[in-house]
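Trainee: Each chain is listed here by its residues.
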Amino acid sequence: MKTETIELLSTTLKISNPVGLHARPAALFVQTAAQFEANIRIRNITRDTPFVDAKSILGIMGIGVKQGHEVEIEASGEDGEEAIKALTELIDNNFGE
Amino acid sequence: MVGIVIVSHSAKVAVGVKEMAEQMSQGRVTIAAAGGVDDETMGTNAERIFAALQEAYSPDGVLMLMDLGSAVMSTQMAIEMMSEGQQKHIKMSEAPLVEGAIVAAVESSLGRNLEEVNRAAEAASKMRKIL
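Same order as they appear, the protein sequences are chains A and B. Under the numbering used here, the first residue of the first sequence is numbered 1, with each subsequent residue one higher. Under the numbering used here, the first residue of the second sequence is numbered 1, with each subsequent residue one higher.
Incorrect hints may have been included.
Unchecked claim - Sample of chain A residues lacking proximity to chain B, with all beta carbon distances greater than 10 Å (derived):
| # | residue |
| --- | --- |
| 1 | E7 |
| 2 | A26 |
| 3 | N94 |
As the list claims (entries may be wrong) - Some chain A residues close to chain B (C-beta under 8 Å, calculated; not the full set):
| # | residue |
| --- | --- |
| 4 | R24 |
| 5 | A27 |
| 6 | V30 |
| 7 | Q31 |
| 8 | I57 |
| 9 | M61 |
| 10 | G62 |
| 11 | G64 |
| 12 | L90 |
It should be emphasised that the hints constitute simulated quantities derived from the structure, not laboratory data. No residue lacks a Cβ here, since even glycine has one placed at the ideal position from N, Cα and C.
Next comes chain A alone, as it looks inside the complex (with noise of 0.2 Å):
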């Protein structure tokens, strides 16, 4: 018999873009994180936020993600090393901005 085990990653960021992960920024995560069968939660470490869903843009903006706020991302599910890689890509870009 085979047992799966499912894998919990976890990446903790820097949000650098000036207005943090709002309005378009919020939205690209959004876009982004949905696009990956995973389950995927975001908490802002500054604030102390518990954990939100990464798809959810009311999740998002709830957790007041300003610059140089840490986040910390996890995934699990299949596709939840290539989610954290896109995710982190996207910040890391400053959302293409």
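With chain A fixed as given, assemble chain B onto it according to the hints.
Mentor: Chain B alone, transformed into the frame defined by chain A:
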């Protein structure tokens, strides 16, 4: 994808909210503006709303976001101008106009259904903005 109609007493408000929401959905969602009696006169106009509704309509559904008062009544009239079959796919939302439109545009762009888009838009009224 769920279409969105913005109904306001002001043509400028309706167009402005549409533009803000479109920025969020990257142009993936059909958003139609129906503001004013005409471009210069404040008020609402069922014929204008009906035209916007036809533009935004698809069987995926349309979410109607209104500002206040007669905007709601005119929207009801406009919906009644659509066929009975189409009316089943049209929903009026309690959501706040600006916040609701932004949230609805993003949720629709993710491929969520009419009920899900409306639920998120209505929850926008409880979103904290001063953190």
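Trainee: If a hint holds in the structure, say so; if it doesn't, say that too.
Mentor: Right, here's what the structure says about each hint:
Once the 10 Å rule is applied to beta carbons, A/E7 is consistent with being away from chain B; the minimum gap is 25 Å. The non-interface label for A/A26 is inconsistent with chain B: the shortest C-beta to C-beta separation is roughly 8 Å, within 10 Å. No Cβ of chain B approaches the Cβ of A/N94 within 10 Å, the least distance being about 17 Å, so the stated non-interface status holds. Nearest Cβ of chain B to the Cβ of A/R24: about 6 Å, under the 8 Å cut. The hint holds.
Satisfaction of the interface hint for A/A27 is found here, the shortest Cβ-Cβ separation to chain B being roughly 4 Å, below the 8 Å cut-off. Among the interface hints, the one on A/V30 holds; its C-beta lies about 6 Å from the nearest C-beta in chain B, closer than the 8 Å criterion. Below 8 Å, beta-carbon pairs count as interface contacts, and A/Q31 has one with chain B at about 6 Å; its hint therefore holds. Using the Cβ-Cβ criterion of 8 Å, the hint placing A/I57 at the interface with chain B is satisfied: the shortest such distance is roughly 4 Å.
Checking A/M61 against chain B by beta carbon gives a least distance of about 6 Å; that is within 8 Å, so the hint holds. Look at A/G62: its Cβ gets to within about 6 Å of chain B, closer than 8 Å, so that hint holds up. A distance limit of 8 Å between C-beta atoms decides the matter here; for A/G64 the minimum to chain B is near 4 Å, and the interface restraint holds. Annotation: A/L90 was flagged as interfacial toward chain B, and the flag is violated, the nearest CB pair being 14 Å apart, outside 8 Å.
Hint check: violations occur at hints 2 and 12; the rest are consistent with the structure.
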